[in-house]
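Go ahead and model the full structure; you've got the sequences and the hints to work with.
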Amino acid sequence: MKNFYGKVLPRLGVVLCVAAVVVFLVSSSSKAGSPVGEMTAGKVQLQSASALAFGPDGILFVADSMGGKVVALDTNDHTAMKMAAKINVPGVDTKVAALLGTTPDQIMINDLRVNPISKNAYLAVSRGKGPDAVPVIVKVDGMSGKLSEVSLDNVKSSSVSLVDAPASDTAARRNPRLQTVTDMEFTSGKLFVSGLSNEEWASALRSIPYPFNQADKGTNIQIWHASHGRFETAAPVNTFVPYTISGQSYILAAYTCTPLVKIPVSDLKPGTQIKPSTIADLGSGNTPIDMVPYKKDGHQYILIANTSLGVLKLKADNLETYRAIESPEVPNPQNKNISGVPYDTISDLTGVTQLSQVDDSNVAVLSKGADGMNLTTIALP
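Residue numbers (this note's numbering): 32 to 412.
Please keep in mind that the hints were generated in silico from the structure rather than gathered at the bench.
Just to be clear, a hint being listed does not mean it is correct.
Claimed, not checked - Here are the computed lysine-lysine pairs in the DSSO-like style, where the Cα-Cα straight-line distance is at most 27 Å:
1. Lys-248 to Lys-306
2. Lys-170 to Lys-160
3. Lys-113 to Lys-177
4. Lys-160 to Lys-126
5. Lys-160 to Lys-117
6. Lys-126 to Lys-74
As the list claims (entries may be wrong) - Ranges between beta-carbon positions, derived for each pair:
7. Gln-304 to Pro-273: 35 to 43 Å
8. Asp-348 to Ile-305: 19 to 27 Å
9. Gln-279 to Asp-247: 16 to 24 Å
Where a beta carbon is used, it is the ideal one built from N, C-alpha and C, also for glycine.
Next up, the structure:
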């Protein structure tokens, strides 16, 4: 026995030491590779919160249009949901207002995003109206529906300034600075940011590598606007989604009145001007709000929420087969396009102001009801 312990224990000690070193190295490598490792803790100052997006490890991107920057926040919200999330918060505007010590008429919910890991929902909120409005981020628990304010007093964060942000013009019909960022999406290690710039072609789409270093100028865009019968460069993309068509990466972008434009990601080069193809025109007098791509019953669809047209279910199979729209065209009485991608209207969804995908089968919906705003989870139609 003495010989056994004399031989085995030293070897066991070596094995344990080696195992400890391996665990330490793996842990250190994992921590070093996380975007959180690039962040510093402290108070985050926001002038506005116009759009939200999620990146890796539960990182929440917050667009500060008035501040001309994008901030990445460590939400510390990394625990995967064990059950399917079923967010159901009736009167969410009243509850947000109560949380912030005010009334529903004194808040505005600017955006909704669901954390793809935890399935908790996050709201970008303005408390108050006009230039004195205070930006607030509110978290909604994906199971209980409990609301809490995300503290910005001591949080790990990083930020990047948008060098081509338009100047503030409070005398304008709509201050262009408020549209510095209209939408954001994270994919393939980059944050794509739509909005206005200070360039001659004001409509811009920016591609910013993450973790942040710096943001180059955006790519400026000219589109054919079928409802208006002219080329336009001043209107920003209202909402967009990254999309793969025939194995190539694209941005599908929707504009007011309502062109749907197909933009090759390979064309997005800093400071350049591009003229991508309009592949659908959904109708005039309307503003698109949110887009959610999904697959159901073997077919591809894109759900689009709109201010006037309601919620549309775009048939997204074979988008490469639709010819570019290059002349004025108007949707026909059957609610189909004379030219462009076909769609159906989802009549059951009314008053929708925000959409955010929860998982492959469900979407979170913020909508206006008779008694205020409701936040619910529904099956993708």
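Structure-based check of each hint:
1. Distance check on the hinted pair: Lys-248 and Lys-306 sit about 17 Å apart at the alpha-carbon level, within 27 Å; holds.
2. Our distance criterion of 27 Å between C-alpha atoms is met by Lys-170 and Lys-160, whose separation comes to about 21 Å.
3. Proximity of Lys-113 to Lys-177 is assessed by CA-CA distance (about 18 Å); at most 27 Å being required, the pair is judged to hold.
4. Restraint check: the Cα-Cα separation between Lys-160 and Lys-126 comes to about 18 Å, which is no more than 27 Å; the hinted pair holds.
5. For the suggested pair Lys-160 and Lys-117, the alpha carbons sit about 31 Å apart, so the restraint of at most 27 Å is broken.
6. Straight-line distance between C-alpha atoms of Lys-126 and Lys-74 comes to about 26 Å, which keeps the hinted pair within the 27 Å bound.
7. Judged by the Cβ atoms, the range 35 to 43 Å given for Gln-304 and Pro-273 is violated: they are separated by roughly 21 Å.
8. The supplied range of 19 to 27 Å is met by Asp-348 and Ile-305, whose beta-carbon atoms lie about 26 Å from each other.
9. At roughly 22 Å, the beta carbons of Gln-279 and Asp-247 sit within the given window of 16 to 24 Å.
Of the numbered hints stated above, those contradicted by the structure are hints 5, 7, listed in ascending order.
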